[in-house]
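Chain A is fixed; fit chain B onto it per the hints.
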Amino acid sequence: MTSTVDAAPYTVEEVCERFDPVMGLEVHVELNTATKMFCGCRNEFGAEPNTHVCPVCLGLPGSLPRVNARAVEGAVKIGLALNCQVRERSGFARKNYFYPDMPKNFQISQYDDPIVFDGHLDVPLDDGSTWRVEIERAHMEEDTGKSLHMGGATGRIHGASYSLLDYNRAGVPLIEIVTRPILGAGTRAPEIARAYVSALRDVIQGLGVSDVRMDQGSMRCDANVSLMPKGATEFGTRTETKNVNSLRSVERAVRYEMGRHAGVLLSGGTITQETRHFDEQSGTTSAGRPKETFADYRFFPEPDLVPIEPSAAWVEELRAGLPERPWERRARIQTEWGISDEELRDLVNAGALDLVADTVEAGAPAESARSWWVSYLTQQANTAGVELAELAITPADVARVIALVAEGTLTNKLARQVVDGVLAGEGAPDDVVAGRGLAVVSDDSALTAAVDEALAAQPAIAEKIRSGKTKAAGAIVGAVMKATRGQADAARVQSLVLERVAAGS
Amino acid sequence: MSELTRLSAAEIARRVQAREVSSVEVTRAHLDRIEAVDGGLNAFLHVDREVALAAAEAVDAEIAAGTVRGPLAGVPVAIKDNVATSDMPTTCASHILDGWRPPYDATVVRRLRDGGLVPLGKTNLDEFAMGGSNENSAFGPVRNPWDASRVSGGSSGGSATATAAGETPLAIGSDTGGSIRQPGAFTGIVGVKPTYGTVSRYGLVAFSSSLDQIGSFGRSVLDAALLHEVIGGHDPNDQTSIDAPLPPVVEAAYAGARGDLAGVRVGVVRELSGEGNQPGVLAAFTDAVRVLTDLGADVVEVDCPSFTYAVPAYYLIAPSEASSNLARFDAMRYGLRIGDDGSHSTDEVMSLTREAGFGPEVKRRIMIGTHALSAGAYDALYGKAQKARTLIVRDFAAAFEYCDVLVSPTVPVTAFPLGERVDDPVAMYLADLCTIPTNLAGNAALSVPCGVSADDGLPVGLQIMAPALADDRAYRVAAAYELARDTSSGTPFAETIPEPAVLETTS
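First to last, the protein sequences are chains A and B.
Heads up: the first sequence begins at 150 in this note's numbering, then just goes up one per residue.
Heads up: the second sequence begins at 3 in this note's numbering, then just goes up one per residue.
Just chain A, same shape as in the assembly:
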C-alpha cells in the first residue's frame, strides 16, 4: 500500500514546516585490540577467511568466553572521553537470535548495566557553533562473523544461491555508543548527524583504541529517524537505517529518511517500524526486515562471565591519561597560531583544523599548512565528493611537500603535481618526486644554457634589460620556465637572467 511506496522526498526545509525530526544514532566501533573480545585469536582486518578462529570464537560446544582486559580498558576510555560515568559493577548479557554468522546463536553483549552511561559530546557544526549530543550509554559486545551471499545480483541474501561464512570477525570487540533522542535539530538534523559521527570518530581516533575506518567497517552507524507533528511531544514511528558507511552517507541517509517519512505521512500513510538499507549509489533507502515489534532477544545475564568491576583508582588513572580532547586542542591551537574566530571557523568549516594542526605538528609552518588544506586540497576533496579527511593524503605527507618547496626541490606548481600523485596512490611525496621526475631543474649549466638561448631569441628584450629595465626580465624568465616545463625555480632563473645580461651575453 501507500505506506511502503517511496514517495518523492521532500526537502528538509519542507519537512520541517510541518514536522519536528527526532534522531537517535547508534555507532558501533571495533576496537583495535591485538586479540578478540573473549579469546586469544588475532583481531585483524583482511586476513584469509577463517584463519583467526578457535573453539571459543567459533562457539564450539563446551568452550567458554574469557574477557579481554584491553577491550574493557578501551570501553572505559571511550566512556571517559564522552564524559560518561563508569559503572562500578557491570555485567554481560546474552542477546538471543538465530543467524548463521553468529556462531553461538546468541551475542554476548550488555543489557541493563552498560559499562559507561550518561555522557555527552559537544559537536562542532559548520557555522562554528556546537551542538550537545547526549550519550545514553556505551556498551561492550562481540562482533558477528561475515556472510557473503553469492550468486545473486545484489550481494544481499535475497536472490543469492549460496552463502559463505567468514568467522574471522566473530568475537572482535565492539563498543556500541547510543545517543539519547536528538530533539530540536530541525533542518539541521542531517548536518548534526554527520557532525556527531565525525566528532565521535575524531575523539576515538585520538584515543587510539580503534581504527575508526567507516570504509572497512571498523566504525558503523545506524541512524534512527522519526517525525512528529510540529510542537508534538510524542515521538513518531521510527525507522533504523543501516549500512551507512561514510560521513556523507550519514547526512544523506537522514535527509532522505526525513523526506520519505514526510511523504508517507502527508499522503495519509503510516511509517512501518523497520530497518532500512542505505544505497550509496542512489542515495535512497529500502526496506529491510521488520523489527522490534516481533523480535524478542530474550536478554538474560551471561552465566559464563562474572561482572566487570573497574576500580575507582584504575578509572582515575585512565582519566588522567586521556589525550587532549579535540575541542580543547582547537582552543589551544587558536591561541598558539593567533588566528581569529573567523579564521578558526573557516578551518573548521572546511574540516581542516585538525589536519592543519597535525601538519604543523609534522614540522610545517602554520601558514603554509593552512593554505594547502583550505585551498588546493579542499578543491580536490570537493571534486572527488569526499570529506577532506577522507583524502588519501596524510598531514605528514603535506608537511613533507611543504618542506620540499622550502628547500627548493619543488616549486609550488610542481608541489601540486606531487600532491596529485600522492592522492592517486603513487606513494609518499618523495616516491612521487622520484617516480614522476618532478624535482626542480637546479643544474645551473642547463639553466644557463636555457637563459642564453632565450636571450638570444629575444634580443630586443635583452637590450631593455641591459639598459636597466629589469622588469623586462619577466618575459625571459617565462620563456625559460616554458622551456623547462616548469621544473625550474623561477627566482633562480630571474637572477641568472640578470647575471647573464650583466656578463654581456
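The set of hints was computed from the structure by calculation and includes no laboratory data.
Honestly, I wouldn't trust all of these hints.
Taking lysine-lysine and the DSBU-like style, the derived pairs with C-alpha atoms no more than 35 Å apart in a straight line are [stated by the list, open to error]:
id, chain 1, residue 1, chain 2, residue 2
1, A, LYS562, A, LYS620
2, B, LYS389, B, LYS365
3, A, LYS379, A, LYS295
4, A, LYS295, A, LYS391
5, B, LYS386, A, LYS244
6, B, LYS389, A, LYS391
7, A, LYS613, A, LYS562
8, A, LYS631, A, LYS620
9, B, LYS365, A, LYS295
10, B, LYS365, B, LYS386
11, A, LYS244, B, LYS389
12, A, LYS631, A, LYS618
Coordinates of chain B only, in the frame set by chain A:
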C-alpha cells in the same frame, strides 16, 4: 570378573606405581570387563581399546623410567560423553552432534591425561544431561547393575553404572541438579558435586551454565577424593572458576577414616527428611544419622523453608539457560544437517535439523526456557526463579551458621523401573528434590551409600552438604561414616554390589 576390576583406585595406583602390576594389565582387565557386561548395561557410548592401551603403555614406560605423573597415574577412568575429548567423539547422547569430534580437550580431560590417568571411553547420559533416569539418551537407556530392569539414574547414569559394575574404578560426571549424586545413590557408589567454580567447566558442553558442575565418581570416598584433586583447581579458561586453593579433600578423606566426628555439627534438613521419602529410604537414612551420632557428631534438625521452591525455580532457570546454550546446534558448522538439498533455506535447514536431532525432553526444556525468558514472561518466571534462588542461598547460609554440614537422603526413592516415569515429567523432576538446592546455591555436596532399602533391596544414598569451598567437611563426615558402615556390616559396601547378569547381546 578379574580381581583387578574389584580394586579401589587407590589400590590400583599403589600397585601400578610399585610395579606390582602394569597399567596395561589393569586397563586390559577393565576393557575386558566392559566387553563382558556392557552389552547389558549400555554404560559406554564409545570405547577405543587401542587408544586406552596405548595411553596405559605410555604411563607404564614413564613409571619404569622413574616418573610418576600423579597419585592416580596408571588408573583407568571413564568420562561422561558431554565432556570434550580430542581423541574420541563427544555426542552428549544426542543425534544433533552426529559426526562431531572436538578439536580440543576439556580442562578436566587435560588434567586427567597430565595426571597419568587412562581414559577408557565415553559414558552414556541423558541427552545433554537433561534427565534423572538416563532414559533420555538417543542411544538407549543405561541399566542399573543392581537390577537390570531398573534405571541407573541420571543424567550421569553411564558413569555411575560403569563404576558400580567394575567397568572402571573411577568416572567423571556432571551435576546440574543432582546428576552425579542421584545416579551415585541409585547404583550404590560415591558421587560428588564439588563447590561451583572449583572444577573447570571449560570443555563441558553446557546445559545450564550457572548450575553445571563436573565431579567425580568412585566406589569409595577416598577414590572420589583422589579424582577430585586431580581435576579440581583454578582454570583461567573458565571465568566462573574460583581463584582459590582447592579444599584439601584427600586429606579430609583420610582424616575422616580415623573414625572420629566429635564436635562436628550435623544438621538434618527437616524439609528433605520426612514422610515424602520412600519408607525404606527414610529408614536407611535414619539409621545413617544414628551412626553419625555414635561417631560423636552433634546432630540437630534444621529448617530450610525455601527449599520447597527449589524444584520449580530450577525448572525455570535450567531450561532458560539451556534454551540459549543449545541454540548453537543449528547445522551450520558441525554435527547433524538435515534438508541441505538445495530446496530449503538456511532457516529451514536449522529447523529441520533441530526437529530431527533433539529428543523430546530436550525440546520440552528449550520450549520452557524460551518462554521463561520471553519479554512477557521474564519477570514472572525467570526473574521470580532467581529470587527464589536467593532465598535458598540464604537458607543455606543460616543453616551453616550453626552446622558444619547438612544431611538428607540423596533421593526420596530408590531406582525405579525403566519406563515407569517417562510419561510423567513432573514425577521425574520431583526425584531431584533433595539435590537441587545445592546446585542453586553453588555449595558442595556428595552422596555416600547408606545401605539398602528394606522395601526393595536397592541402595540408598546419604547426601552430605557443605558450605562453598568447604568440600573437605563433607568428605570427612562421609569417610567416617563409610568406615563405620563397613565395620558394622563386616563387608565393604562396594563388594555387595551384585554381579550384573551378562545379557545376550545382539551384535
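Hint-by-hint comparison with the structure:
Taken as a hint, the LYS562 (chain A) and LYS620 (chain A) pair is honoured in the structure, with Cα atoms around 22 Å apart against an allowance of 35 Å. Taking the CA atoms of LYS389 (chain B) and LYS365 (chain B), the gap is near 26 Å; set against the 35 Å cutoff, the hint holds. With a CA separation close to 41 Å, the supplied pair LYS379 (chain A) and LYS295 (chain A) exceeds the 35 Å bound. Between LYS295 (chain A) and LYS391 (chain A) the alpha-carbon distance is near 15 Å, which keeps this suggested pair within the 35 Å criterion.
About 20 Å separates the Cα atoms of LYS386 (chain B) and LYS244 (chain A), which keeps this hinted pair within 35 Å; it holds. Taking the CA atoms of LYS389 (chain B) and LYS391 (chain A), the gap is about 39 Å. The hint is violated against a cut of 35 Å. Simply put, LYS613 (chain A) and LYS562 (chain A) have alpha-carbon atoms about 29 Å apart, close enough for the 35 Å limit, and the pair holds. Our distance criterion of 35 Å between C-alpha atoms is met by LYS631 (chain A) and LYS620 (chain A), whose separation comes to about 18 Å.
Only pairs whose Cα atoms come within 35 Å are accepted, and LYS365 (chain B) paired with LYS295 (chain A) is accepted, the gap being roughly 29 Å. As the CA atoms of LYS365 (chain B) and LYS386 (chain B) are separated by approximately 23 Å, the hinted pair is consistent with the 35 Å bound. For the suggested pair LYS244 (chain A) and LYS389 (chain B), the alpha carbons sit about 22 Å apart, so the restraint of at most 35 Å is met. For the given pair, LYS631 (chain A) sits about 22 Å from LYS618 (chain A) by alpha-carbon distance, which is consistent with the 35 Å threshold.
When held up to the earlier numbered hints, the structure conflicts with 3, 6 and fits the remainder.
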